[in-house]
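Residue-level listing of the chains:
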Amino acid sequence: MTAKKTVLIGLLGPTLDEGAGHRRWEKWRPSVSLCQHEDLIVDRYELLYQKRWTRLCETLARDVRDVSPETEVRCTEVELQDPWDFEEVYGALHDFAHAYPFDPDEEDYLVHITTGTHVAQICLFLLTESRAFPARLVQSSPPKRSIIESPGEYRIIDLDLSKYDRIATRFRKEQADEVSLLKSGIETRNAAFNRMIEQIERVAIHSEAPVLLMGPTGAGKSQLARRIYELKRARRQFEGAFVEVNCATLRGDAAMSALFGHRKGAFTGALQDRAGLLRAADGGMLFLDEVGELGLDEQAMLLRALEEKRFLPMGADEEAGSDFQLICGTNRDLSADVAAGRFREDLLTRINLWTFRLPGLRERAEDIEPNLQYELDGYARTSGAHVTFNKEARDRYLAFATSPQARWAANFRDLDASITRMATLAPGGRINIEIVEEELARLLESWRDPESPASGAAGAAGAAGAAGVDAAGDGEGELGALLGAERLGGLDLFDRMQLAGVVRVCRRSRSLSDAGRALFATSRLRRSRTNDADRLRKYLARFGLDWKRIAD
Amino acid sequence: MITIDGSFGEGGGQILRTALGLSLVTGKPFRIEKIRAGRKKPGLLRQHLTAVNAAAEVGRAGVRGAALGSGELVFEPGQVAGGRYRWAIGTAGSATLVLQTVLPALLTAREPSSLKLEGGTHNPFAPPFDFLQKAFLPLVCRMGPKVEATLVRPGFYPAGGGCFKVEVAPAERLSRIDIPERGEVRRRLARALVANLPLHIATRELTVIGRKLNWPDECLRAEPVEGSQGPGNIVVIEIEGEGVTEVVTGFGEKGVPAESVADAAVREAREYIAAGAPVGAHLADQLLVPMALAGGGSFRTAAPTRHTTTNAKIIGRFLDVAVRIEREDSATWKVAISS
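Chains A and B are the protein sequences, given in the same order. If you use my numbering, the first sequence corresponds to residues 18 to 569, in order. If you use my numbering, the second sequence corresponds to residues 1049 to 1387, in order.
It should be emphasised that the hints constitute simulated quantities derived from the structure, not laboratory data. All figures in this text were calculated on a predicted structure; none of them were measured in a lab. Please note: incorrect hints may appear among the correct ones.
[Claimed, not checked] Label pairs and their calculated CB-CB ranges:
| no. | chain 1 | residue 1 | chain 2 | residue 2 | range |
| --- | --- | --- | --- | --- | --- |
| 1 | A | K44 | B | A1115 | 39 to 49 Å |
| 2 | A | E89 | B | D1265 | 46 to 56 Å |
| 3 | A | E89 | B | E1319 | 45 to 55 Å |
Just so you know, even glycine gets a beta-carbon here, dropped at the ideal spot from N, CA and C.
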């Protein structure tokens, strides 16, 4: 076992490190003292200095070598006209970090933030926090009494490690609150959904770019958009309003006018000036649901408004301005719309920088229970009536709700309506088994849509499709060709669905490794060693398959 | 494999150094656990790591667990080789402690050795160079080998930067020595050394020593030291008897008056003279290992310290010798080693 080398990066501090003659050993000089600790060995010291302090730097380097023969000292000149100039110092240190051949696999880095001007200290902190320096901070302090007794204290601060300090805990709590806000306080259990919400939280805080929320109707796009707005408003990133419109409701002149406003007399019936929704969203957020329904003219105007933050209201001579964050919702495949000429490619490029796909309720069966309570609370708020399930009824309802029979065609809208019906009908505010049974019949009836025949088997296939794996459809044929009907018949639906999805990813990939990376994209982040190709090879071998068979 | 609990007895670096030294000589590997377990900063510190590395170099040893803060170490020595070595010790840590670790093995190595040690030469918590040179090494020489130490320049805490050289002409085996009496005092000398400090500090110290010990002027010497990195001040009181020389050291400290530094050294010297035992506490610590390697030896000393009793226990783990520590009267003890 060879331990990693410890590399210290620090600025020469003309004030604190100052000292000439023998008296210098009687004072605490942070840059030297840090190499005098019995429990810290610095293998290499990158000492940054300004030209005017060359002599002092030489003294320090010599003294460090004396007290710490283990240390290789390298002095690097950093040119600074004004060490109190934030921009200059940040630039110089950033350049140094950028050019430095960091090798975190072999070396541990410490950035010493005790020396230098306050500006330099702040810059070092920021550069370390942003990982420009892939380092931990080290802060040193003088000995309580005399340097003869001890070289003082030092503390290593790992900005990454949550184990350090209450600050991190506070950040985490804040973040947890924000994630919870995005989930409307519902303790969702679906791991993929929770992960997505955490990503959205990060994006929401750090980005002003448009966000595209995809997902089936009733998956909660509109609600999520509103939560993102509330989150940013709570963080004072917004002062303006949340403006929401469903593009399917906008047609013709009315669409242009509703979005971009008009001048009085711009068209028949334009009796007064109208500011339009984009103006109303100035300084806030505009949520365009079903954005795929937007006409091509409106799309062009919207693109310009996004790029220039300016647009021309109907009938106006002068452009109006509005600065808003755009969130779009859609349940359509917009790239197909682009291919069909129904949607502008440049607009799609613009709005899908951050795309999140909201899963339908069926893909989040484990979230139905926490949502149940949320819906009941919602009913209590709007109706003023507090309603509860009895245990038997609750169990029955949940068993059905999470079974393949429950299609949840309109997702949360269905769940919301279902709970509202039961709550309304509940005798004495108590939902019993009879109410539930009636409701289940109603739900099944509502899902028996002639256009999409819903039987148990098709329900299961639908669930598979929702998970991105169409096992009962093409996948079945593909698998049959690969495995033969007999072998295929010997597999559980569970295995068939999984395998069909894996085969599909393989066929989209260039190589086994490529496919492995895609399939294990999440778990590989948690592994120190990854061998996705091997995992995939072993999985395929269980079915007598190999890469060549599939690729052919 | 010999397993040692690093937290027993003295519980510090001494256990490790003694075990390393004995392991090198005997060729027996050992594992030490709970290294410095009760200390404020437990585990291996820099100076211990330097000692481990030096021992590994001399003994071509395999080492596991040699890292800062490590609480466990496995040391498997190969063939000890004398030769030229240079070791630099950080944090002005004591270079004499590193010598103490490797010297036993080099005393009976096949080849002579030429060592250069850099770092601290005069540290409050380690045998100072003068003690090594005047008190300890002459006794080692009486056991057979020829060991000569020369100070190139002193290194005081915190600047360090000191250096001394040691030439070792090994012997085939060590022979027994016995130190029953101090014998007649043949020579007395008090030196006050100042490095990069005013000379009056030295003269004030010597005034106190001369007056309190009632020594004539020719026994007092003020010495300005050249070549030291940083400031430093020590007083060295040498009492040379027929059978043994004892060296008492006082360390000057910023903020402590020269007179107090001298007072402390005088007190220690008086205690030694009054006790009548020829071997002082520090020398007793150092003598145990070479005497055990010689297979026998004895001396009379004042009350044994924890260092001494701890060393005796470690010796028992590596060597088949008996260390008997017996009280003779109120002030003297007899230590006898026999195989």
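Which of the numbered hints above does this structure break?
-> Number 1 only.
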